[in-house]
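**Student:** Please build the complex by placing chain B on the supplied structure of chain A, with the hints as guidance.
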Amino acid sequence: MTLTRRDLLKLAGLVTAVAGLSGCSSLGELLAAEPRARAASGEFVGSTEEYRRLARLSYGPTPAERARVAEIGLGAWLEEQLAYQSVSDRRPQLRWRHLDIVSLEANALAARGRREVTQALKRTTLLRRIYSHRQLYEVMVEFWTDHFNISLDKGDGWYLKVVDDREVIRKHALGNFRELLHASAASPAMLVYLDNQANRREAPNENYARELMELHTLGVHGGYDQRDVMELARCLTGWTVKKHFWLGEFRFDPERHDSGEKRVLGRVIPAAGVHEAEEVLDLLATHPSTAQHLAGKLVRRFLTDDPEGQAPELVERAAQAFLASEGDIRALLRVVLYDGLLARSPLPAKFKRPAHFVISALRPLAAASDGGEGVQEVIAQLGQPLFGWPTPDGPPDTAGAWSRALLHRWRFALALARNELPGSELDLDRLLAAAGGGRPAEVMDHLGTLLLGAPLPQVARDDFLRALEQTDAAAEELPALALAGLIASPAFQWT
Amino acid sequence: MRPTDSNRRTFLRAAARAPLRLLWPAWMPRLAFAQAAEDPRGDTLIVIFLRGAADALNLIPSHGEDAYYRARPTLSIPRPDDPRSRITGRAIDLDGFFGLHPAMRPLLDAWQQGQLAIVQACGAPDESRSHFKAMELMERGITSEVGPASGWLGRHLATHGGNNHSPLRAIGLGETVPRSLYGSVPVTALRQLTAFHLNDDPRAARQLRGLLRTLYQEPNEPGEVGRETLGVLELLEKLDPAGYRPTSGVNYPDSEFGLGLKQIAMLIKAEVGLEVATIDSSGWDTHFVQGGSSGLMAGLIHDLAAGLAALHADLAEQLGRLTVVVMSEFGRRVAENASLGTDHGHGGAMLLLGGNVAGGMVHGSWPGLQARQLVGPGDLAVTTDYRDVLAEVCELRLNNRALAEIFPAYTPTFRGIVRTSSDPVPAGT
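Protein chains in written order, with my numbering: chain A, 1 to 495; chain B, 1001 to 1429.
Everything hinted at is true.
If the Cβ cut is set under 10 Å, some of the chain A residues that face chain B in the computed set are:
(1) 192
(2) 195
(3) 408
(4) 411
(5) 414
(6) 467
Since the hints were made in silico from the structure, they are not lab data.
Just so you know, these numbers come straight off a predicted model, no measurement behind them.
Ideal Cβ placement from N, Cα and C applies to all residues, glycine included.
This is chain A alone, in the form it adopts within the complex (with noise of 0.2 Å):
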């Protein structure tokens, strides 16, 4: 579509008559009145969002992503996502199956190099991130991994921690949330980061029973008080991990145990040895509070920074379907994504995270990676160190947290941009080629439909062009400024 000069004068007022309007929703709703610059921007707005929506799926769309999902459509897409075992990793996990020692069992990982085990995991976790056919999966990884944080930095966790990736997360992140929740109480990594290996009857430790309340089911508000706390560390006593025999294993000690009734929740409790802390488990995984904790979380992950303002009615909708299911964390999960991301339009802006961020820019670009120390470290600079967070909550989902530390994402851009990644490489040469010609025109288009989702419109397109003429780089060097330019910009933040 050709513009007029007068078309883009227009389009260029009507944008900062928009950009001085506060009150002002979006652009779309003010060009709706102008049948014909809606026509010019309504590629931009349209396009984008269902770009959009696949970045939050995924950890950046590549083009043979888009490609599938302009096929079959987003619906069917996330359909395949969600049934992840029928996606095939054949080829995928050639990258990462040479780091099978994340599959052992404790007592052989710890006699192991702590650094090879640690790398083995962060490398593997990262390489699936950005070749892993099963983006939803690995998301949903990342989300419970957050949602049931463990730090590899204290005590035994950094090779309780593998063990606790691959039996209680990967294992049920698509699965049940009772079944993942009873892992996670029984994974020797949850009770040596949170101490309940040192809770007994003499000696209660409270520190799991109140985070396993507060954070991993019914909420701070969830209506649980300081007596429950007590009542069910007295439960969870005794749920400690071997120290020989076989070393980093689950055991229940009777001797340290707590006898004798509980009440919690206002339930009673009778003694039952370890059965106890199961039936707390199982009364917590079915509340209606913890419903609405995970409902809320998933909606905030997916949709907006604000749940409780912002979508009230599809938390609920989505807790229903959670208790109804029984805890069928896909069910969960369909009602937040197909009347939640994919239905609202206009769709909230959800900041990108630091890993979010980083390997939003390596997929699209097929910036290759091998997973290392190269890319952990900028993670770790941007504030989101992989396995490192220290404290229970896991780190934050909103943009208040993440949207103020832009130095390093930009030196990361830059650093992408020319090739000086340790461990990654970027096909400069093979990209300017997709883009055709080499017009720098062409390059912006290009590189902003990878990207961003559309091509800039023209004006900013040629703003920017205008930007980078103004800086001294000579012509060779304008391809990778761009790139770092696209990469560090304000609207590459955001989903």
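**Tutor:** Using the frame of chain A, we list chain B on its own:
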């Protein structure tokens, strides 16, 4: 990549009306400025960790005590008035009982100006005498394994309600960020300030900065943050550690420690928003031929004292808003060992330097070095928990009252080691 002239005229005119606003797509949030609660900013805090368990007994010898000389026939520092030893080898008297190792002489000025304080018999409850374990617990600010994985400084930064969003709010000098700084606030480890440049190639860095200035023009929060970050970057470009001129007459030692302190001083003077800096001095695990007035440990002390004294002089004008804490994971055995060194001990000492420190005094209750006064295999007892000192600094100097979160499961006792700024300075200092 140069547009033709007619195109240029077109979009130059359009650009004048809507500079890159369409790079700010419609769906991006129109954020209001965040209204954050403000705690007033306190001092800049520098934490110096002496790695390896520094021998406090020779750093601050209790020359007034016979037991010290009986326990260390070879290693002890001679009394201030000992005629058998050279003057330059004798302890520098502080208060008739305690003295300073002679290599601490550069800090005598600060002591006499009341800006250097010592806390004796200071340390942690942990009796493992294991470097690794003791350091970890001390940096996490907890008594035993059980407790938060974050560091005490990380928790301080997370709980302080100030509006400081500088990318240089907290830095750790060294290869990795020390455990004490782990927390939810991002901290960068840097060996040199060049880690804060956009790229090692100054041209590339400058080019991207130019582009970013245009990209972050918007009058909204993301634009604000972008411009603030660019401001810090532009400042840093002008700062060059090699070319930095300290206050006239000040000479930092030519060591990694000295260079680190110099960079911290430079950042403080440049007012880039630095709130917390950590730096290590290593090599203090003197099991073997430790030396007394001279030798291995004396060399370490010299580097420490010369560096601190240079910092003190260089930042004379900023001292009122500066607190420096020197600490170590534990002290060393009272008796010297068979290799003319000392083994791992328990109680140690802390030093504090700053304009609002209750200086010119030795704080803490001295348990004594007689056999019956020692603990374990013959170590100095701890009578002041290190957290008492740090908590007092947090509340009185850093304006952070969230002590229960910074030091969980511990109730600190303040001992008057630092003052609030409004306290009068005692006469005579």
